[in-house]
Amino acid sequence: MLSRVAHLVYWMARYLERAENTARIVDVNDQLVVDMQSRRDADDPNAWEPLVFVSGSDEKFHELYGEVASERSVVDFMLFDKRNPSSVVSCVSLARENARCIRDQLSSEVWETLNTFYLRLKDDDYSRFAQVGSSEYLAGIKSQLQLFFGVAESMIPRNDGWWFFSFGRHLERADNTSRIIDVKYYMILPDLQAVGSALDVVQWASVLRSCSAYEAFRRSRKGELNLHRAVDYLVRDKFFPRSMLYSIARAEEDLVRIGSGTQSSAVEKVNNMVTALHGQLVGTDIHAAIANGLHEFLDHIQERIKAIDEALFLAFIAYPVSPARVIEQGQSQS
Amino acid sequence: MPDLFSSYEHGRFYDEMFVSANQPRPHYQRLYERFRQMENIGELMHRQKIADQTFINRGVTFTVYSDDQGTEKIFPFDLMPRIIPAHEWTILERGLTQRMQALNMFLADLYSEQRILKEGIVPREMIDSCKHFRKELIGSHMPKGLYVHINGTDLIRDGNGDYRVLEDNLRTPSGVSYVLENRQVMKRVFPNLIRDYRVRPVETYAADLLELLMHLAPEHVPEPTVVLLTPGVFNSAYFEHSFLARQMGIEIVQGDDLVVENHKVYMRRTNGLAPVHVIYRRIDDDYLDPTVFRKDSMLGVPGLFEASRRGNVALCNPIGTGVADDKAVYYYVPAIIKFYLGEDPILTNIDTYLTSDATERKFILDNLPKLVVKSVNEAGGYGMLVGPHSTQAQIEEFRAKIIANPRNFIAQPTIDLSRSPTLGGEIIDGRHIDLRPYILNGKKIKIMPGGLTRVALRKGSLVVNSSQGGGSKDTWVLSDDSSPSASLSAPETPEKIIV
Chain C
2 MLSRVAHLVY WMARYLERAE NTARIVDVND QLVVDMQSRR DADDPNAWEP
52 LVFVSGSDEK FHELYGEVAS ERSVVDFMLF DKRNPSSVVS CVSLARENAR
102 CIRDQLSSEV WETLNTFYLR LKDDDYSRFA QVGSSEYLAG IKSQLQLFFG
152 VAESMIPRND GWWFFSFGRH LERADNTSRI IDVKYYMILP DLQAVGSALD
202 VVQWASVLRS CSAYEAFRRS RKGELNLHRA VDYLVRDKFF PRSMLYSIAR
252 AEEDLVRIGS GTQSSAVEKV NNMVTALHGQ LVGTDIHAAI ANGLHEFLDH
302 IQERIKAIDE ALFLAFIAYP VSPARVIEQG QSQS
Chain G
309 MPDLFSSYEH GRFYDEMFVS ANQPRPHYQR LYERFRQMEN IGELMHRQKI
359 ADQTFINRGV TFTVYSDDQG TEKIFPFDLM PRIIPAHEWT ILERGLTQRM
409 QALNMFLADL YSEQRILKEG IVPREMIDSC KHFRKELIGS HMPKGLYVHI
459 NGTDLIRDGN GDYRVLEDNL RTPSGVSYVL ENRQVMKRVF PNLIRDYRVR
509 PVETYAADLL ELLMHLAPEH VPEPTVVLLT PGVFNSAYFE HSFLARQMGI
559 EIVQGDDLVV ENHKVYMRRT NGLAPVHVIY RRIDDDYLDP TVFRKDSMLG
609 VPGLFEASRR GNVALCNPIG TGVADDKAVY YYVPAIIKFY LGEDPILTNI
659 DTYLTSDATE RKFILDNLPK LVVKSVNEAG GYGMLVGPHS TQAQIEEFRA
709 KIIANPRNFI AQPTIDLSRS PTLGGEIIDG RHIDLRPYIL NGKKIKIMPG
759 GLTRVALRKG SLVVNSSQGG GSKDTWVLSD DSSPSASLSA PETPEKIIV
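These protein sequence lines are chains C and G, in that order.
Numbers 2 to 335, taken from the numbering used here, label the letters of the first sequence in order.
Numbers 309 to 807, taken from the numbering used here, label the letters of the second sequence in order.
Just to be clear, a hint being listed does not mean it is correct.
Unchecked claim - To spell it out: a stretch of chain G is covered by chain C in this simulated footprint if at least three of its residues, at any positions, have a beta carbon under 8 Å from a beta carbon of chain C; those stretches are:
id: 1; segment: 428-434
id: 2; segment: 552-565
What the hints assert, rightly or not - Just the calculated beta-carbon pair ranges, DEER-fashion:
id: 3; chain 1: G; residue 1: Asn-685; chain 2: C; residue 2: Pro-242; range: 36 to 46 Å
id: 4; chain 1: C; residue 1: Ser-108; chain 2: G; residue 2: Glu-614; range: 35 to 45 Å
id: 5; chain 1: C; residue 1: Glu-98; chain 2: G; residue 2: Gln-555; range: 20 to 30 Å
What the hints contain is simulated information worked out from the structure, not anything from laboratory work.
Since the model is a prediction, treat every value here as computed from it, not as a measurement.
Quick reminder that beta carbons are idealized off the backbone N, C-alpha and C, glycines included.
Throw the hints in and build the complete structure from the sequences for me.
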C-alpha cells in the first residue's frame, strides 16, 4: 500500500487509542481523588497535577492555565482543549481528518462511525461533562471508541492497512498503560510509608479498574492485591490485552506481517527493536524495577516506544530513495 | 386541465423542449406526456428530493471552503433531462472528432516544425506570448504521437438552435463523474422512461479512459502501472478524482507519493518503490514539477518533467496542451481545422474579436456594454465582463485592463444560450444550459454519448459554472429517432431510498 496511506492509518489508530486511554486516565484520577478526600482536600493541586505531568504536556498546560492545576482546568485540558494535541477532542478530530484523506479506502460504516462520534463530541465542554457526571460521561466516550474499534475489526480487510492499524493501536496502548501506572506512582510518591495500607489497596484496585483489569486480575492472580502484584499484572501479564507485555507482543506480530517480503536494514532494525522490547518486558523483575524507581523504568519504556515509532517511519514511510528499494515488476503489490 | 407546463414561458430564447406553447419537439413528446401525467408539481418535487438524498448518501459532493471547516455540498441536480436526438448527435460527434484531430495536429506541429506559424496562419507572437506554451518541449516525442488525450469542449446553442463551440478544455477538464452519477440516479428515479427512450449508455467511460491510459504506456512495459495524481483531499474536485480512480481500479496518489530516481517515476509503497508508467494527472502544468515550473508548488513531483520528456512516463494530458485552449488561440481554430484537414469546421465558433488586433480592439472598446469580455487564460467563469449586466464602473475597469494588456482578452457578443425546462422552486421554468462532451483521443477518438449538461439555476443567469450557482442535468442521447412518441409505459415507481 502507499506509504502515505499506511502512515495515515497508523496514526488514526494511535490517536483513537490515545483518546480512549486519556479518558481512562482522567477516570482513574477521578476515582483516586474520591478515595483521598478523607486525608486531603479534593482541590489540592497535587491531586490533579500528576495527570498533566504524566501525559507529557505539563509545559503546555501551565502555559495555558497558569500555575495551579484544578480539577476543572485539568479536565478541560485533557478532554476538550483543542490547543492540547493530546486531548480527547483533538485526538478524535485528528483521527477523523486522517480518515477523511483515505475516505475512499474505508468502508462507509467505518467512516460513518467515526464521523458521527466526532460530530457529537466536537462541541462538548466542561459544563456538559459536569452535567452528565464524570464517570458516565467518560464511559460514553469509551464506548463510542470501542464501537469504532469493533466496527473496524469486523470491516477492514486483513491486508497491510489493517496491520498498520493494529500495530499503531498496540504500540500506543503499551505506551498509555505505562502512563496510567505512572499516575498512581506520582500520587503515592509522598506517601511511600502508606504502601500496603488499606487505602493503598483501594487505590490499586481503582488503577486496575481504569484498565478494566480488576476482575481479570482477581481471576488470574489469586491472592493479595498490592503494589508489586498490580504493577506486575499491568506491565507483564501475558494474557491481559491491556498489559504492556501483551500489547508489545501483538505489535511484534503485526510488524512481522507488515515487513514480510521487504528486505532492508531499516525494516530489520525496527523488527529487532520491538523484539528486544518484548524480551525486556519478559525478563523484568518487577521488585527490582520498583526498587530502582518505577517512574524511571516506565519512562525508559516510553522512550523505547518512541524510538520504535521513528524506526517504523524510516523503514516503511520515509525511507531513503535508492535503487535497492525498487520493486521489480511481477512482485506482489499488496 | 392545467398541467405542469401550462404556465411555462418560452421567452425569446431557443427552447430545447418546445417549439411553441404546448407543442413539444418530437423527441421530447414522450417526456412531455409522462410529466403531464403527474397531477401536480408535488410528485416531481418528491422525486427531486429522492434524487438529492441519493447524491448525499452516495457522497457525490464537492467541498466549499468558506470557513476553515470546509462544507461538503452536492452539485445541484435537476431531474428534467436534456434530450439529444440521434441525428443531432451524429453531427456533434463528427464535429468534435474533427476538432480533436485538428487540435492534436496543431499541438504536434507547434512542438515540432511549427509549419502553421511559418505560413502565418497563426501569428507567432500569439503562441510565444501564451503562458501555457512550453518552449522546452519543442522537438520532444509524445507517446503514440498523441499530443492531447482528453478534451472537454463546451458547446452552447444560439438563438437559432445551432450548436456552437464556446471553448475547449485541453488541460484537466472536470465534471465527468457527475455525468456517471447523474445517470445512476436517473435510472433509479425514472427507470422506465430511460428504457423506453433507448438512451445510449455512458457507463463505459471509465473503461474507455483506462484503455486510453494503458495505450500511452511505454512500449517495453508488459504490465504498465497507471495512477491518478490529485492535488489532494482539499481540492474541490477530489470526489471526482477518487471516483474515477475507484472506477478504474487504479491508485490515487499525491505529489509526495511519487519520487523520481534516475529519470524514472516510482510510487512510495510500504514495501518499496513501485514503478509508475502512466499518470492521469489532475494537476495543472504549473504545479507539476517545482524544478521546472512554479518553485513554490508543494503538489508536484520534482523531476517529473524530465522523466516524461525522456518517455519513461506518460502524462495525460501531456504538458503544454494549454496553448490550444487559450481563448485567443480559440479564435484561430477554424483556420487550424482548414489548415491541417483541408475541411470546413463542422461545428462553428462563436464570433470572436481579439483585443490584440488594432481594428478589432477599437470595435470592442466602442461596444463594451454589448459584449462579453474574457481573460484568455481564466476558467470557471472568473475574470470576465458581461457587458449588458455590468455597471459603468465595471466597464471602465475592463477598458483600462484591455488597453494595458491587449494580448490578455477576447470579446464576444452576448449569446442567448438555449433554455431547458427546469424545476425552479415550485414551478417548471426555462433555464439556460450548455453541454460539455468528453472526447478521448487514444487508439481512436471516442466520445461518450452526451456529456455534462450544465444549467444556470438562477433565473436569467447565463453562468453555468458550479462555482457560480450552476447545476447539472442528465443528458440523454437517443439510439435512434424512430420511436419516441408511440406508446406510454406504466407510471413509474421510483426505487425506495433507504435513509
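Hint check:
By the rule of at least three residues with a Cβ nearer than 8 Å to a Cβ of chain C, the coverage given for the segment 428-434 of chain G is violated, with 0 such residues. As drawn, the segment 552-565 of chain G meets chain C at 8 residues by the rule of a beta-carbon pair under 8 Å; at three or more, the given contact holds. At roughly 60 Å, the beta-carbon separation of Asn-685(G) and Pro-242(C) lies outside the given 36 to 46 Å, and the hint is violated. Take Ser-108(C) and Glu-614(G): their Cβ atoms lie about 40 Å apart, and the range 35 to 45 Å holds.
Look at Glu-98(C) against Gln-555(G): about 25 Å separates their beta carbons, and that is inside 20 to 30 Å.
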